[in-house]
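Protein chains in written order, with my numbering: chain A, 352 to 774; chain B, 25 to 344; chain C, 47 to 334.
Hints listed in this document are in silico derivations from the structure and should not be mistaken for laboratory results.
Hints should not be assumed to be uniformly reliable.
With a Cα cut of at most 30 Å, we get these calculated DSS-like pairs of lysine-lysine [stated by the list, open to error]:
{"no.": "1", "chain 1": "A", "residue 1": "LYS539", "chain 2": "B", "residue 2": "LYS156"}
{"no.": "2", "chain 1": "A", "residue 1": "LYS657", "chain 2": "A", "residue 2": "LYS751"}
{"no.": "3", "chain 1": "A", "residue 1": "LYS657", "chain 2": "B", "residue 2": "LYS156"}
{"no.": "4", "chain 1": "A", "residue 1": "LYS720", "chain 2": "A", "residue 2": "LYS677"}
{"no.": "5", "chain 1": "B", "residue 1": "LYS156", "chain 2": "A", "residue 2": "LYS563"}
{"no.": "6", "chain 1": "A", "residue 1": "LYS564", "chain 2": "A", "residue 2": "LYS532"}
{"no.": "7", "chain 1": "A", "residue 1": "LYS531", "chain 2": "A", "residue 2": "LYS773"}
{"no.": "8", "chain 1": "A", "residue 1": "LYS564", "chain 2": "B", "residue 2": "LYS156"}
{"no.": "9", "chain 1": "A", "residue 1": "LYS534", "chain 2": "A", "residue 2": "LYS751"}
{"no.": "10", "chain 1": "A", "residue 1": "LYS657", "chain 2": "A", "residue 2": "LYS720"}
{"no.": "11", "chain 1": "A", "residue 1": "LYS720", "chain 2": "A", "residue 2": "LYS534"}
{"no.": "12", "chain 1": "A", "residue 1": "LYS534", "chain 2": "A", "residue 2": "LYS714"}
Here are some chain B residues the structure puts well away from chain C; computed CB gaps all over 12 Å [as the list claims (entries may be wrong)]:
{"no.": "13", "residue": "VAL36"}
{"no.": "14", "residue": "VAL37"}
{"no.": "15", "residue": "LEU112"}
{"no.": "16", "residue": "VAL113"}
{"no.": "17", "residue": "LEU116"}
{"no.": "18", "residue": "TYR132"}
{"no.": "19", "residue": "PRO166"}
{"no.": "20", "residue": "GLY167"}
{"no.": "21", "residue": "THR178"}
{"no.": "22", "residue": "GLY203"}
{"no.": "23", "residue": "ARG207"}
{"no.": "24", "residue": "ASP222"}
{"no.": "25", "residue": "ARG335"}
Chain C is faced by these chain B residues, among others (derived, beta-carbon under 8 Å) [stated by the list, open to error]:
{"no.": "26", "residue": "LEU128"}
{"no.": "27", "residue": "ALA142"}
{"no.": "28", "residue": "LEU308"}
{"no.": "29", "residue": "ALA313"}
{"no.": "30", "residue": "ALA320"}
{"no.": "31", "residue": "PRO323"}
Quick reminder that beta carbons are idealized off the backbone N, C-alpha and C, glycines included.
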Amino acid sequence: MHARRLSAFLVAAFALTALGGAGTTRAADPPEIVIGSILPLTGPLAQTGAGLRAAQELARDLVNGHVSYPLPMVGRSGLPHLGHARIKLVFADSQAKPDQARAAAEQLITQDHVVALIGTYASSTTATASQVAERYGIPFLNPDSTAPGLTARGLKWFFRATPNDATFADNFYQFFAELKKTKKIDVKRVAIVGEDGLFGSGAGDAEEQIGKKLGYDIVTRVAYSATTTEVNAEVQKVKAASPDVIIIASYLPDSLLYMRGFKEQGVAPKAILAQDAGFIDPGFVRTLGADAEGVFTREVFSLSIKHRNQSVPLVDQLFRQRFGDKPLDGNTARSIMGVLILADALDRAGSTKPDAIRTALQKTNIPGKLTLMPWNRVHFDATGQNDGGAGIIEQVQDGKYETVWPSDVAVRAPIWPMPAWKR
Amino acid sequence: MRAHLIALGAIVVVVAAAVFGLRSAVALDLLFTLLLYAVLGQSWNWISGYGGNISFGHAIFFGCGAYASALCVTHGLSPWLAIPAGALVAALLAIVTGFPTLALRGHYFSIATIAVAALVDAFVRTTPWLGKATGFELPIAPGWATMQFPQKGTYVALALILFAAVQLATMALERSRMGYYLRALRANHAAAAAVGIDERRVKLVAFAWSATMAAVAGVLYAQYTLFVDPPSTIALAISIDIALIGVVGGIGTLWGPAVGALVYVVLAKAVALQLGGAGKGYDLVIYGAIICLIAALRPYGIVGTIVDALRRRRGAEAAA
Amino acid sequence: MDALATPAQLLVGGLLTGLVFALVAVGLTLIYGVMDVVNFAHGEYLMLAMYATLALALLGIGPLVGLPLVAIALFLFGIVVYRVFIRRLLAGPPEATVFGTFGMLVLLQGLAQATLTSDYQSIPNPPFHGTIRVGAIAVSQATLIEGIGALVLTAALFAFVEFTETGRAMRAVAEDRIAATLMGIDVQRINGLAFGIGAACVGAAGALLMLSYPVYPTVGAAFALTAFVVVALGGFGSIQGALVGALLVGLLEVFGGFYLSPELKLVPVYLAYLIVVLLRPQGLLGRR
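Chain A extracted, bound-state conformation (with noise of 0.2 Å):
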């Protein structure tokens, strides 16, 4: 008796779930080219997801808009070749999560219809979504996904604008070979430190392996999990290894125990050189105050780039004014490029076939100083990777980031060896 109540409920309730799907389907408005974003909305990346959405809403206006900066499709009044249509996004969440962004992508291409998507900041939820993208046939743009295999594996319909972890490891090492030959430093022994996550074991392998490649001696390697609370055997195992440089890619607590750790226990390499996260949380600086200074961090994007293009400052300002005054960052900036180079193809193309918009995609050739970026240029390879990416190494120098590599936007000059620890 009671089962056939519940039953009926179960029934109810299974019907109610499998119809509130359905109705929300709808046309996709004609002047309009529709372009679905999917970002970690909500969950643990929400804070990171709400900056990127800013950003990209920003670059939306920006090529919808008349005014005109030095930007790929900046101040056109929409497309030109397509009739000065105007530019549509349509977010979708991925909660971080790789099921959800798979089930996003799928909402976006069959029931809203895009013509392209773009996103989506974690590793694994661009590979997931991608794959989607690739079964339907729809361009997919990443700006901002780093790990290296992303492009390796064969797909068609995915390009990627941001540099990938082997390039920033890549950085490191050319600008070890810069100073040998400026100024004959020498760097032979490396220490590799990384969180055992996606982030530190994919940066990990790729600074491994082009040291080895390169004849560095990688002295000692050192994964760890992030959520540690003390890291009194890894900083034993980094000072046993007695490294000329440690490379290292942390989050922000576990980035503070290893300075702290490094101190206490003298570790005095001559220089830190990190995969930027942890260390440039501006907590990092203001926690560590003096002990801070001398730390190499890779970093996307400085707001030094004015120097290559005036309308970094601008750009800042108006994302600012949208954002509760955060400045622009390596994040924002490239999911700000990301919708612009996507716009330059969708013009290009002419036409919002998927076909047209991957082929104007392939023959994508920015300058780099039309880009927010320090990047060479924006043109894709045969695997869908930006060839022309580029990362920039700063300094903390009396507490501040300073940008000191590239030469054409250094503003400083690197400090080597790092200041000895203080007390």
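Use these hints to put chains B and C onto chain A, whose structure you have.
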């Protein structure tokens, strides 16, 4: 029993009709997720609901299936093979870890499952042939042999078959001698042992079956998502989601996990739709508040409460 | 350099790490001992305490001065939570406490994320950032202070439970709730007090941890998981057990990390837990 069969039949008919009738990828995706979670919740329910050993590490069995699928595909084998292979590995893992730990009571068992799951996680993260932290991305190759389908409906149909099988198995469990033993052990393990019930054997069998179901769900998930890595399959967070689904609906009941999955999926989607993009943790706030309310006011879960109310009413009718 | 320098440093580091774990674990074990509740939101209480310490620091009150204030605030918070919430959970089946406290974990994390953002925050220019050197061994002042704090807290809690009237009542409730009621002990009051004191302990822990660690909405998880293992290893409800368990976990983690691999440093910890509870299900120093 007949009513349960009718209910299951009705769900199968409605979902099957939805598979044919629905064009919406989103609705089908919701249905798939719902059925998958219902299976995982029921799998957890076998050992933690009927058995009374609350596990916080159930995701490792789900992971067995997902990783078996990934390994089959990357080694050029059909993922269909991953169903028996993953199930076998999961059952063995359940027996090997359950043999010592199932004798532990209460929180000691729960924390032991966290410890075991953490060891499995460390093993996967450091083992190159298991993809370490990167995991596996499965290449797109639609076809029956590769268990990849252009129509989402096919996945939903497979999930529906799995769900129906798991529900039937649970109905059988409830009527079987083992189900009776499990209930007796949960009510009073000392008394049950006194009448000669072999606690370890009974629970090991339940644990092995429980692991098997989760592993099959893992294979289906891997083929659906085509991406397998530690945070999305074996992490503590997944284990906790599974346990929550089991508890919200009502533990130790036939329909509890399905109701729990429904609440979970509908809630997650509704919160994301209403508040998504706010960039804040309001989804967690609502979710946490609901769990708190259920635990404080409806500690027997939704199905437990309904069953209870009905029973009380019938009692009142009989008395009148 | 002396060949023994590294093991000696690891030993000191491991012990100090263990003391930090003990700091977080003692409150948890007290609550468990008295009312059989594993408070899964324990880490989130730690998070609240750390934010409270940060707020005081921004007002110019340092962590050590702020410690008693934070402990009192958490004590009151604990009492309210017990009265409004935990009491109801205890009336339900045993799973209710597990999922109720877990719901609280999710709720508090969500509230913190919604109101305080998920940014990492730490006290500006924290005191005690220097290093103390004895021979080849170096420890940071902050960690040393945290370790001393853990010893003081454990000793105080132990003395309270063993030698005061209320402490004796708590032990009576822990031993046998029904007998305690018959003896005229107000079980609800004792439970509420124990929950408040457990929360106050984690309040003190949070204040001390701000010396060396940033706070963010999910900071609790990093410490709480270890605390659960520590408490179970030492024996649920045993205060001395929590201290011994914590030191053991600290040593295993640090030595395991160095001689095995940092990636696998928790493997010896979890293996030790499994071995101990299999051989001695009540934990190292637990009763029953």
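Here is how each hint holds up against the structure:
This hinted pair checks out: LYS539(A) and LYS156(B) have alpha carbons roughly 28 Å apart, not beyond 30 Å. This hinted pair checks out: LYS657(A) and LYS751(A) have alpha carbons roughly 17 Å apart, not beyond 30 Å. With a C-alpha separation of about 41 Å, the suggested pairing of LYS657(A) with LYS156(B) is violated against the 30 Å cut-off. For the given pair, LYS720(A) sits about 24 Å from LYS677(A) by alpha-carbon distance, which is consistent with the 30 Å threshold.
At most 30 Å may separate the alpha-carbon atoms for a hinted pair to count; LYS156(B) and LYS563(A) meet this at roughly 21 Å. This hinted pair checks out: LYS564(A) and LYS532(A) have alpha carbons roughly 19 Å apart, not beyond 30 Å. Between LYS531(A) and LYS773(A), the direct Cα distance comes to roughly 27 Å. Compliance with the 30 Å bound is thereby established for this hinted pair. At roughly 23 Å between alpha-carbon atoms, LYS564(A) and LYS156(B) fall within 30 Å of each other, so this suggested pair holds.
Our distance criterion of 30 Å between C-alpha atoms is met by LYS534(A) and LYS751(A), whose separation comes to about 24 Å. Under the criterion of a C-alpha separation no larger than 30 Å, the hint pairing LYS657(A) with LYS720(A) is consistent with the structure, at around 10 Å. Distance hint between LYS720(A) and LYS534(A) is fulfilled; the C-alpha atoms sit about 28 Å from each other, no more than 30 Å. Using a Cα cut-off of 30 Å, the hinted pair LYS534(A) and LYS714(A) is violated, with the two alpha carbons roughly 40 Å apart.
Chain C leaves VAL36(B) outside its interface by the beta-carbon criterion, the shortest separation being 30 Å against a cut-off of 12 Å. With a least CB separation of 33 Å from chain C, VAL37(B) remains clear of the 12 Å interface cut-off, as annotated. The non-interface label for LEU112(B) is consistent with chain C: the shortest C-beta to C-beta separation is roughly 23 Å, beyond 12 Å. Look at VAL113(B): its CB is around 20 Å from the nearest CB on chain C, clear of 12 Å, so calling it non-interface holds up.
With 12 Å as the threshold on Cβ separation, the claim that LEU116(B) sits away from chain C holds: the shortest Cβ distance comes to roughly 18 Å. For TYR132(B), the non-interface assignment is contradicted: its Cβ lies about 5 Å from the closest Cβ of chain C, within the 12 Å cut-off. Non-interface call for PRO166(B) relative to chain C: holds, since the shortest CB-CB distance, roughly 37 Å, exceeds 12 Å. Look at GLY167(B): its CB is around 38 Å from the nearest CB on chain C, clear of 12 Å, so calling it non-interface holds up.
The claim that THR178(B) lies off the interface holds: its Cβ sits roughly 35 Å from the closest Cβ of chain C, which is beyond the 12 Å cut-off. Distance check for GLY203(B) against chain C: the nearest CB is about 19 Å away, which clears 12 Å, and the non-interface claim stands. Non-interface status of ARG207(B) relative to chain C is upheld: no Cβ of that chain comes within 12 Å, the nearest being about 14 Å off. The Cβ of ASP222(B) lies farther than 12 Å from every Cβ of chain C, with a closest approach of about 19 Å, so its non-interface assignment holds.
Distance check for ARG335(B) against chain C: the nearest CB is about 16 Å away, which clears 12 Å, and the non-interface claim stands. Because the smallest distance between the Cβ of LEU128(B) and any Cβ of chain C comes to about 6 Å, under 8 Å, the interface hint for this residue holds. Look at ALA142(B): its Cβ gets to within about 5 Å of chain C, closer than 8 Å, so that hint holds up. With a cut of 8 Å, the hint placing LEU308(B) at the interface with chain C holds, because the nearest CB-to-CB distance is about 3 Å.
Of the supplied interface hints, the one on ALA313(B) holds, with its beta-carbon coming within about 6 Å of a beta-carbon of chain C, less than 8 Å. Residue-level restraint check for ALA320(B) holds (minimum Cβ-Cβ distance to chain C is 4 Å; threshold 8 Å). Given hint, PRO323(B) at the interface with chain C, holds; its Cβ is 3 Å from that chain's nearest Cβ, closer than 8 Å.
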